[in-house]
Amino acid sequence: MTQQSEYAKPLPRPSELSRPFWDALKDGGLRLQRCGPCDRFVFYPRTLCPYCMGQELDWAPLSGRGKVYTYTVVRRAMIPAFQADAPYVFAIVELDEGPRVPTNIVNCALEDVKVDMPVQATYDDVTAEITLLKFEPA
Amino acid sequence: MTLKRSAAITGIGELKPTGSAEGKTTLGIWTDVSRQAVLDAGLTLPDIDGLLIAPPITEAVAMWPAILGEYINVHPKYGDVVDLGGASATAMVWRAAAAIDAGLCRAVLCVSGEASDIESFYAPRARKPAAQLPYREFEVPYGPMGVNSGYAQIAMRHMHEYGTTSRQLAKVAADQRTNANANPDALFFDKPLTVDDVLDSRLIVDPLHLYEIVRPCTGGAAMVVVSPELAKESSQRPAWLLGAGEASRGAMLSQMANITTSPIVESAAAAFEMAGVEPRDMDLASVYDCYTITVLITLEDAGFCEKGRGGPFVEEHDLTYKGDLPVNTHGGQLSFGQPGLAGGTSHVTEAVRQLQGRAGERQVTGCELAFVNGNGGILSEQASLVLGTE
Ligand SMILES: [Zn+2]
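Protein chains in written order, with our numbering: chain B, 1 to 138; chain V, 1 to 390.
None of these hints come from the bench; they were simulated from the model. From the three backbone atoms N, C-alpha and C, an ideal C-beta is built for every residue, glycine too. Worth double-checking, as some hints may not be accurate.
Unchecked claim - In silico lysine-lysine, DSBU-like type, Cα no more than 30 angstroms apart, as pairs:
| no. | chain 1 | residue 1 | chain 2 | residue 2 |
| --- | --- | --- | --- | --- |
| 1 | V | Lys191 | V | Lys77 |
| 2 | V | Lys191 | V | Lys4 |
| 3 | B | Lys67 | V | Lys4 |
| 4 | B | Lys9 | B | Lys114 |
| 5 | V | Lys16 | B | Lys114 |
| 6 | V | Lys307 | V | Lys16 |
As the list claims (entries may be wrong) - Not everything, but these chain V residues come out facing chain B in the computed CB check (under 10 angstroms):
| no. | residue |
| --- | --- |
| 7 | Arg35 |
| 8 | Arg136 |
| 9 | Tyr142 |
| 10 | Pro144 |
| 11 | Gln153 |
| 12 | Arg157 |
| 13 | Met159 |
| 14 | Leu199 |
| 15 | Asp200 |
| 16 | Pro207 |
| 17 | Ser254 |
| 18 | Thr260 |
| 19 | Thr261 |
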């Protein structure tokens, strides 16, 4: 509870649809919906597959490995609660299984972050309820 | 179907942007620019039978056409809000033409702008949060800097794929400032800016420096789009709509297949095809410039140069009003200012001025054809126009 009251940044509010994603992160793993008919992973969670209109979406585990598709260093935060962290890396990681996810690159010096750099998932328990998906050099 | 010569812009109204609201209200700004534009077109407010509004970014209100219509005594047969971000202005122009072409109306007033400043623009929006927007659930927890970080990520990837440099991007800002220095109505009219000034300014979101990012401000702009019959009666030289195209690809950068190529590839191609002209025929490119990288990618994707060659292209060409490819002769939003969605309108009003031969010191000699592009979101929404004197 103490931890939660100290965390001032915006938190996701998991929905019934997205709950398995957030629960998996809390358990230290990455799961996304995978479409039965077309066998593609889907991010973010949806009620239909954007590739084939299919609705048979089952949750499946991913490796947690990927590479930096692109990134920026935010030096002036727009959301005040992030300012204490600035400069920080706000990135998009392309997972080995295909989907791209917005994230932060952590445990890496700013100048060492590069496009296409291999990374692996790390799970940041920011509150008792919420774990965020971040990445560090692989 | 074609919209070629289905309508023309005959009147424009625009305020010189100011850093803060200075007592102005959004509705008051819209009223001022509407009056200017209607008078400029040689019409009166009751002649207006279509009303399109690009809504303010920092104020959430429903039913804007009724509110403005009541205030200025315009009661349209065709009214709507066009909410495509920075593409709203160019999108309004072709929607107006389509409505006129369909016989719905014959004089459409298109309005944009707002009373805003840096603080209100960047303030956490005091709106009821739509809790389950994917952006809010899956991106905001990681600390994006609004769309700034999105364009920074695009620029970073463009540099990686094509070797584009910060110096090349800075050239865009410097050339546009030269244009603004010849435009007394630009926010940064009296402030010169060199490539080195841009590179020496603070990094805000790598690789973008302060002077590569638009300045939110207060202002507004309106346009009157009329039928060919009204255009021929106009006292102004009409700026004819020759071509239009629109394309979009969603909101979040992580969802886009290729972030360094924009839907301008489709929207510009459609506009040029309808007009029956090519990029090399253009006397002016008046293209959305929320950031330096936006201009570079627009020139590539609209076909002014080969994909990926935008960096060398802007280095090799003089983009000022005196140059071989005049781009954003009003200064662009980077130097003119970004008064909400009227920032997008500024690219249209400038093209109209140039085509009408009333751009003053910065007049492009023999300006007969202009390419205008509106861009909304993070290269999300694109509406492209070709305007011409004939
Ligand atoms: Zn599918």
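Quick check on Arg136/V please, does its C-beta sit within 10 angstroms of some C-beta on chain B? holds, 7 angstroms
Interface hint check: Asp200/V, Cβ to nearest Cβ on chain B, cutoff 10 angstroms. Holds or violated? This interface hint is violated because 15 angstroms lies over the 10 angstroms limit.
Hint consistency between Lys191/V and Lys4/V [alpha-carbon to alpha-carbon, up to 30 angstroms]: violated, 40 angstroms
Has the given pair, Lys9/B with Lys114/B, been kept, meaning a C-alpha gap of at most 30 angstroms? holds, 26 angstroms
Quick one, is the Thr260/V hint okay against chain B at 10 angstroms, beta carbons? holds, 9 angstroms
Taking the least C-beta to C-beta distance, is Thr261/V closer than 10 angstroms to chain B? violated, 13 angstroms
Satisfaction of the Arg35/V interface hint, Cβ to chain B closer than 10 angstroms: With a minimum Cβ separation of about 36 angstroms from chain B (threshold 10 angstroms), the hint on Arg35/V is violated.
Against the 30 angstroms threshold, does the CA-CA distance of Lys67/B and Lys4/V hold or violate the hint? Not OK: Lys67/B and Lys4/V at ~46 angstroms, beyond 30 angstroms, violated.
Given hint Pro207/V near chain B, where the shortest CB pair must fall under 10 angstroms: holds, 8 angstroms
Would you check whether Gln153/V satisfies its interface hint, that is, whether its CB is within less than 10 angstroms of any CB in chain B? holds, 4 angstroms
Taking the least C-beta to C-beta distance, is Pro144/V closer than 10 angstroms to chain B? OK, holds: Pro144/V within 10 angstroms of chain B, min 6 angstroms.
Assess, step by step, whether the Cα of Lys16/V is no farther than 30 angstroms from the Cα of Lys114/B, and give holds or violated. Distance of about 42 angstroms is beyond 30 angstroms: violated.
In this structure, the hints that do not hold are numbers 1, 2, 3, 5, 6, 7, 14, 15 and 19, in rising order.
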